[in-house]
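Protein sequences, first through last, are from chains H and G.
If you read the first sequence in the working numbering, its first letter stands for residue 1, the second for the next number, and so on.
If you read the second sequence in the working numbering, its first letter stands for residue 1, the second for the next number, and so on.
Calculated directly from the structure, the hints in this document are not laboratory data.
Hints may be right or wrong, so weigh each one.
What the hints assert, rightly or not - As a list, the in silico DSS-like pairs of lysine-lysine whose alpha-carbon atoms are at most 30 Å apart:
hint: 1; chain 1: H; residue 1: K26; chain 2: G; residue 2: K232
hint: 2; chain 1: G; residue 1: K72; chain 2: H; residue 2: K169
hint: 3; chain 1: G; residue 1: K204; chain 2: G; residue 2: K72
hint: 4; chain 1: H; residue 1: K55; chain 2: G; residue 2: K55
hint: 5; chain 1: H; residue 1: K39; chain 2: H; residue 2: K232
hint: 6; chain 1: G; residue 1: K72; chain 2: H; residue 2: K153
hint: 7; chain 1: G; residue 1: K206; chain 2: H; residue 2: K153
hint: 8; chain 1: G; residue 1: K169; chain 2: G; residue 2: K72
hint: 9; chain 1: H; residue 1: K55; chain 2: H; residue 2: K171
hint: 10; chain 1: G; residue 1: K39; chain 2: G; residue 2: K169
hint: 11; chain 1: H; residue 1: K206; chain 2: H; residue 2: K169
hint: 12; chain 1: G; residue 1: K6; chain 2: H; residue 2: K171
hint: 13; chain 1: H; residue 1: K55; chain 2: H; residue 2: K87
hint: 14; chain 1: H; residue 1: K217; chain 2: G; residue 2: K232
hint: 15; chain 1: H; residue 1: K26; chain 2: G; residue 2: K169
hint: 16; chain 1: H; residue 1: K171; chain 2: G; residue 2: K169
hint: 17; chain 1: G; residue 1: K6; chain 2: H; residue 2: K153
hint: 18; chain 1: H; residue 1: K55; chain 2: H; residue 2: K206
hint: 19; chain 1: G; residue 1: K169; chain 2: H; residue 2: K177
hint: 20; chain 1: G; residue 1: K87; chain 2: H; residue 2: K169
hint: 21; chain 1: G; residue 1: K206; chain 2: H; residue 2: K177
hint: 22; chain 1: G; residue 1: K6; chain 2: G; residue 2: K55
hint: 23; chain 1: H; residue 1: K169; chain 2: G; residue 2: K206
hint: 24; chain 1: G; residue 1: K72; chain 2: G; residue 2: K171
hint: 25; chain 1: G; residue 1: K204; chain 2: H; residue 2: K169
hint: 26; chain 1: H; residue 1: K55; chain 2: G; residue 2: K87
hint: 27; chain 1: H; residue 1: K238; chain 2: H; residue 2: K153
hint: 28; chain 1: H; residue 1: K217; chain 2: H; residue 2: K177
hint: 29; chain 1: H; residue 1: K171; chain 2: G; residue 2: K39
hint: 30; chain 1: H; residue 1: K217; chain 2: H; residue 2: K204
hint: 31; chain 1: G; residue 1: K233; chain 2: G; residue 2: K171
hint: 32; chain 1: H; residue 1: K217; chain 2: G; residue 2: K87
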Amino acid sequence: MCTLEKRGNLFILTLTGDDQHRINPKLIGDLLSLLSQVKAQATRGSALITQAQGKFFSNGFDLDWAQAAGSEQGASERLLHMVESFKPVVAALLSLPMPTIASLTGHAAACGFVFALSHDYIIMRRDRGVLYMSEVDIGLTMPDYFNAVFREKIGDASARRDLLLRGLKMKGDEAVKRGVVEAAYEGEGEVRAASVRMAEELGKRKWQGEVYAEIRKGLFPQLSAVVGLSHKTIATPKL
Amino acid sequence: MCTLDKRGSLFFLTFTGDDQHRINPNVIGNLLSHLSQVKAQATPGSVLITQAQGKFFSNGFDLDWAQAAGSKQGASERLRHMVVLFKSVVASLLSLPMPTIASLTGHAAAGGFVLALSHDYIIMRRDRGVLYMSEVDLWLTIPGYVNALFREKIGDASVRRDVLLRGLKMKGDEAVKRGVVEAAYDGEEEVREASVRMAEELGKRKWDGEVYAEIRKGLFPQLSAMVGLGHKKIANPRL
């Protein structure tokens, strides 16, 4: 499922195994628990890297689990349940008191892409892997917070349209060019190394975690509101 | 006026004749009627192409008809009437259950540019024709829903400023570069062919029309609200 390790100031959250890392209630529970631990152990200079093993970062919600309900109505209810349950994961990432990097060595689709986008930075491969919102192809509409993530994280309206309305499978180079990801590298090793380098660079700034999280929430006000986060003012500068 | 034809899965809405294709209550009624038919005949794989004959896609609202009211007050009322009526056309395009392409072989100004932007994709000529919001030059303010359209369709704030506040006449190459249109081609024929090619590509995806329309409205929430559209969730994935 997923593991958490600490290497110096870096927290590394890994989706383990060679599967599609589908997001279901169990994984959501694990993610919330681990993110809670990360928050509890945060100090100035901390940074989070979320990564995965295998061909996928995550291929989205566990539609098999939804279908196992046994009826169209049941499947729909299970899917809506997962949609609602995932909001707290986005909220936890949005309020995490440290910089966050999604380190993609495989495909990120649907909720998997939203999960990646909920981080401050995305680094991905340029030689393999795509970003893809499959919903239009499988006949699902976007939850409100998915729309908010795209609207507030991706400024280019054409890129949003291409990803959400056209089901574009976006590779690394295009994702960098269009401002969706920070950088793209050749191969898994390079992505992981670059992610650690970036995390260490950001960590050197020794930002105050609570302030960092408030500034982050201020950048994404609609998303913050939709996932149930409020904000506060901190006015005691480090001088 | 405008005609509607169907060729295979493609619907063609054509402004006929060599005039400026000015938008007045008759034309609006005509458009609404045709769009209604298109909606009624929609199937997965349907695509709409809106195009025009002659030098203009459309030069905007029929200010001559407005002035024929005979007084400044009357003209102002007639113009306001057209602005309000036109909201329904925008709403109809925004909720059309299929991809839409505005195929511009001539100038699109003011209401004409709004009509074009209300489509999912714009293809235009690079050798002739401009996109132009004439309002600043004609001393007319921009209706609220038109502001929402520009704000949600064009991410680049400088582009919005240049188009709305500076009365820029934007040619094809600049429109592509600055993210206003999808592509620009040399000559009328190339534009028409490219539009059909693109429509066929999109049609091959066989998207569910209702889902497509909901995802589209989710991309343009302020505009949707301002033209009176609500939204709904669809959670029965096609697997």
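For the pair we were handed, H/K171 and G/K39, check the Cα-Cα distance against 30 Å. violated, 34 Å
Under the criterion that the straight-line Cα-Cα distance not exceed 30 Å, is the pair H/K217, G/K232 satisfied? Since the Cα atoms of H/K217 and G/K232 sit roughly 27 Å apart, the hinted pair holds (cutoff 30 Å).
Given the hinted pair H/K55 and H/K206, is their alpha-carbon gap at most 30 Å? violated, 34 Å
Given the hint that G/K72 pairs with G/K171, does the C-alpha gap stay at or below 30 Å? violated, 34 Å
CA of H/K238 to CA of H/K153, is that 30 Å or under? holds, 29 Å
With the threshold set at 30 Å, check whether the alpha-carbon distance from H/K55 to H/K87 stays at or below it. holds, 25 Å
Holds or violated: G/K169 to H/K177, with C-alpha atoms at most 30 Å apart: Roughly 27 Å between the alpha carbons, so the hint for G/K169 and H/K177 holds.
Given the hinted pair G/K39 and G/K169, is their Cα-Cα distance within 30 Å? The hint is violated at about 33 Å.
Does G/K87 sit within 30 Å of H/K55, going by the straight-line distance between their CA atoms? violated, 47 Å
Is H/K206 close enough to H/K169, meaning Cα to Cα at most 30 Å? Given pair H/K206, H/K169 is violated - Cα atoms ~37 Å apart, limit 30 Å.
Does the alpha-carbon distance linking H/K39 and H/K232 stay inside the 30 Å limit? holds, 18 Å
Straight-line alpha-carbon gap G/K206 to H/K177, limit 30 Å: holds, 29 Å
Against the hints set out earlier in the document, violations occur for numbers 2, 3, 4, 6, 10, 11, 12, 15, 16, 17, 18, 20, 24, 26, 29, 31 and 32.
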